[in-house]
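Once you have looked at the hints, place chain B on chain A.
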Amino acid sequence: MTVEASHQKILILFAHPAIHKSRVNRELIKPLQNIEGITFHDLYETYPNFYIDIKKEQKLLMQHDVIVMMHPFYWYSLPSILKEWLDLVLEHGFAYGNDGSVLNTKKLISVITTAGSHHSYQSTGSNRYTILQLLAPLMQTAFLCQLEYLPPFVIHDTLHLTSEDIAKHTQDLEKILLALRDDNIDFAKVKSSSYLNTDLSAILKLSS
Amino acid sequence: MEYKDFFYQAAIYLLAAVLSVPLAKRLGFGSVLGYLIAGIIIGPYALGMVGEHSQDIMHFAEFGVVMMLFLIGLELRPALLWQLRAHILGLGLLQISLTTFAFSGIFYFLGHPLSIAVVIGMILSMSSTAIVIQIFSEKGWIQTPVGQATFSVLLFQDMAVIPIMAIIPLLTYASRALPVPNSLISQLNHWQQALVTLGIIAAIVVSGRFLLRPLFRFIAQAKLREVFTAASLLLVIANALIMQAIGLSPALGTFLAGALLAESEYRHELEADIEPFKGLLLGLFFISVGANINFNILLENPAGILKLIFLLVLIKSLVLFFIAKIFKFNTQNSLLFSLTLAQGGEFCFVLLSHAVANQALAPYLANQLVVAVAISMVLTPLMIIFYEKLLAPYFIRRQEQKEFDPVEGQRNPVIIAGFGRYGQIIGRLLIANKIKATVLDLDADNIELIRKFGFKVFYGDASRFDLLEAAGIAHAKLFILAIDDSEKALEIAMHVREHYPALKILARVRGRTQAYDFLKKDFTSIYRETFDSSLAMAVDALKELGFPAYHALRCVRFFKQHDEQSVKRMYKLYGAENEMEYINKAKQSRRNLEKAFSEDTAGGQFSFDLAWDPENAKDRGESS
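Residue numbers (this note's numbering), protein chains in the order written: chain A, 4 to 211; chain B, 31 to 654.
It cannot be assumed that every hint is accurate.
In silico lysine-lysine, DSS-like type, Cα no more than 30 Å apart, as pairs [stated by the list, open to error]:
#, chain 1, residue 1, chain 2, residue 2
1, A, K24, B, K590
2, B, K590, A, K86
3, A, K59, B, K573
4, A, K178, A, K86
5, A, K194, A, K171
6, B, K419, B, K358
7, A, K62, B, K573
8, A, K59, B, K464
9, B, K573, A, K33
10, A, K24, B, K625
11, A, K109, A, K62
12, B, K419, B, K518
13, B, K464, A, K24
14, B, K625, B, K573
15, B, K169, B, K419
16, B, K464, A, K58
17, A, K86, B, K573
18, A, K86, A, K59
19, B, K573, A, K58
20, B, K466, B, K518
21, B, K615, B, K550
Below, a sample of chain B positions facing chain A; criterion: calculated Cβ distance under 7 Å [to be verified]:
#, residue
22, D35
23, D639
24, W642
25, P644
Label pairs and their computed distance ranges (CB to CB) [said to hold, decoys possible]:
#, chain 1, residue 1, chain 2, residue 2, range
26, B, D562, A, E30, 28 to 38 Å
27, B, F357, A, L91, 48 to 58 Å
28, B, F357, A, M65, 52 to 62 Å
29, A, E30, B, F627, 22 to 32 Å
30, B, R587, A, D102, 34 to 44 Å
Quick caveat, the hints were computed from the structure, so don't treat them as lab data.
Glycine is no exception: its CB is placed at the ideal position from the N, C-alpha and C atoms.
So here's chain A without its partners, still in its complex pose (with noise of 0.2 Å):
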């Protein structure tokens, strides 16, 4: 078996209606345009018309193993266009259903920006909730269609990073997302941290 074949494909689901005006997702997704075994789907440029091609997105899914859906967090959710894509890509009997169990051996993965702090999506903070229960839809979305669900990468505080900040979080996304293609994540230890980049030490394995 080559090295070529052991790589696990991933596919990222970018949306972020207004890119020209973003700080923090401009330079996340910079290094992520040209890595081997790494497709990255820019949904609101390859459709700014809302209409999605099916088929092609489905096909897409299949070709991939792990799924990322990376998108500033919007009203405690999804920007507009990711929820038009889950809702005409996951059909019945493709994504869940009798017949519907090609996502069974994938993992989705949420890349997420948000300019609430990490205090604030507590029970006590301005927002009650954490962001792993606000993902409880797609969670569940996910459990339907037989998708493994990782801890998310979250990104708080965007209003006020540094660039030094920003330069951070964008190498240890890009890191993850590397270990993740090369199976260099311990997934035992993944499983139990709240994000997925609370602490890149401790989940990603040496690289042999």
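Same frame as chain A, now just chain B:
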């Protein structure tokens, strides 16, 4: 010709063309008839403004026909010509031989000696390339099946001129036979002549393939437009001269040269350079045909000349109709084909004077024939109008009665008036969704084409209310007004609303001004015909300039909304009495738009994506 006299004559000809052609086109007659009538008016029998040179001018202007054939050659790739070979040989040969046969018989029967009857027959079998091709290209019919067949016949006639020129001296009624004149190689024997002819054609083919391109490249590199034009003209004229020198038709020779250059990269430049010369010369030719009609001969023997014209047109069209039927054309196409070619042509003039010179024809008879041929040329545009206005609609209506059950057509929920580029798109979409639509269109050619794709289209003018009622407007739920004449559309819309106020009308309008006209009459479902296409291109333009796709789309959508609102605000002000107010409002509206797009007003009242602006969200972020 004196130099002053030359300019005087030129001014007369140009003035006649400039005045009469636009007028004729305006009246729907086409340019050819305009030129011919202009010629008659300035000719010796009306105003008498052109002098004794008009014959010379006509011979000079015949070169326009040569240029026209060069241009046709440029359009026709050799492969296409090869495809037409059956038509050229089949239709062409049949037309010439049957027409010659028929006229020979008739003139023999009328008491002329057989040799003269045959000469007349051959000459009258010619039709007018100049008139027919000019009319067909004005109407865009060249590429149609009838156009191709017509062209094939004309091309074959061009080739047949040469043997006919050779035969005429043999049929002389005088005892002495004159040699075939005006050929440099006529003293050689037949084999040598054939060899030289073939050699020269081969030389033209070879140099066309290998020499002309480097030559034109060299000339083009000089970057002097007029030198390139001169070279183009030289090419045409030299070809014509060579062909004449070896006794072939110059028109045919330049046609060949054109076809050889059809696939070269200089095709469009050559076309653009020759086109104006061709147009002017051809116009000049038509004018001089008109000016040379000898009305004295007509007045001396009107009954005889009219009989000649009648015979000429009748026999030619009967033969043509017969041939078209042999080639399995439908009746409508056969009629167009036979009416189109039923005139005598410019070659008749050449051949008639050739016959007189060789004493194969008496001058008085030749003169009568010249008049008859010229008048038959004037009749051609009229006959084509007759075909377009009366025959074609008749055939379409008859087809309708055959094909459609009127009751079925009368209960459709949608009526589409106008099924051109605009209406067709709507029609296709409705039909794909199994929605039945009754379609009305005015353009007979268009209807025929659309029917081939399986649409049911009725021939009819949507401004005729009886037709709309026959189309079932009383039962329709939706009236789609997709004709391109906005003024007419507004009349129709008002008429329809008056009688069926509940019927929803969607109307295509040309532009902003026409949109105002509709809004003033309270029609709000209006669609500016190129608006959405422009906007779609604007989206792509912004994308090409680096805008993210979704942002580009939203910018354009914002613009569209802004513009549509502005149209609905401004229409009341549009009109003479409010001009200043209208202009001020328009300026204000443009300023608002600029503000909305400028970045420094983030947070201002005109922005359309504030929610996604981190600057605007800072407040919220800080409080949490």
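Hints numbered earlier in the text: which of these fail when held up against the supplied structure? Violated hints (numbers, rising): 13 and 22; every other hint is consistent with the structure.
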